[in-house]
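Peer 1: Let the hints inform the model, and build the full structure from the sequences given.
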Amino acid sequence: GEDVEQSLFLSVREGDSSVINCTYTDSSSTYLYWYKQEPGAGLQLLTYIFSNMDMKQDQRLTVLLNKKDKHLSLRIADTQTGDSAIYFCAEIFDLSGGSYIPTFGRGTSLIVHP
Amino acid sequence: ETGVTQTPRHLVMGMTNKKSLKCEQHLGHNAMYWYKQSAKKPLELMFVYSLEERVENNSVPSRFSPECPNSSHLFLHLHTLQPEDSALYLCASSQEEGTGSYEQYFGPGTRLTVT
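The listed protein sequences derive, respectively, from chains A and B. Position one of the first sequence corresponds to residue 3 (the numbering used here), numbered consecutively onward. Position one of the second sequence corresponds to residue 15 (the numbering used here), numbered consecutively onward.
It cannot be assumed that every hint is accurate.
[As the list claims (entries may be wrong)] The calculated lysine-lysine pairs, modelled on DSS-like cross-linking and capped at a C-alpha distance of 30 Å, are: (1) B:Lys54 - B:Lys33; (2) B:Lys32 - B:Lys54; (3) B:Lys54 - A:Lys69; (4) B:Lys55 - A:Lys72; (5) A:Lys69 - A:Lys58; (6) A:Lys38 - A:Lys72; (7) A:Lys70 - B:Lys33; (8) A:Lys38 - A:Lys70; (9) B:Lys36 - B:Lys50; (10) A:Lys69 - B:Lys36; (11) A:Lys38 - A:Lys58; (12) A:Lys69 - B:Lys32; (13) B:Lys32 - A:Lys72; (14) A:Lys69 - A:Lys38; (15) A:Lys72 - B:Lys54; (16) A:Lys72 - B:Lys36; (17) A:Lys38 - B:Lys54; (18) B:Lys36 - B:Lys55; (19) B:Lys55 - B:Lys32; (20) A:Lys38 - B:Lys50; (21) B:Lys50 - B:Lys33; (22) A:Lys70 - A:Lys58; (23) B:Lys32 - B:Lys50; (24) B:Lys54 - B:Lys36.
Honestly, the hints are just simulated from the structure, not real lab data. In this text the structure is predicted, and so the values were computed from the model without any measurement.
Peer 2: Structural data, given as structure tokens:
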């Protein structure tokens, strides 16, 4: 079945760039998403990318997709303490099967320190 | 109200109580979901409703009973829970089919503690 893997923790200094990585196993992925979860809150959609794209940029966020290596990354430029949260990678693998339910990774806890 | 709302935000209940969690989406979506989020465990999909019909039930214990009276409202009825059911329960909605990007929108969650 589908599997989405993320490292559990990432620690960066304020002002540096953060890169959160995600790998997946199924090559038929269609939409890929990044969500952010702050303490005590639900998941908030940050951005998404369609599988025919290699890159998407939205202000401080850059999403890179390497379909050959089945690797997705989220880069946060000029990381701030307010970016401290858990970041989830999620993917929908096969829309042709009629399933619109994403598979989520376990989440990466981003810790930003001064 | 905008987005996805959930009530109550916090709930403490004994193992013999009966309570219900409520979710409402104001986005015009046609699919709604219940997830369970426990510490140090992956996000667990519990129930999916598409066009008000339940389409997926991932072997959830019968002490959890969902209800979807219309496309905007989703309930999770709880009875005879166990301490290991303590978790954050998240509701989400999305628009299935069409030309959208199918992303899910989440509510803030209900923090449930079973004593």
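Peer 1: If you check each hint against the structure, which ones fail?
Peer 2: When the structure is compared with the hints, numbers 7, 10, 12, 13, 16 turn out to be violated.
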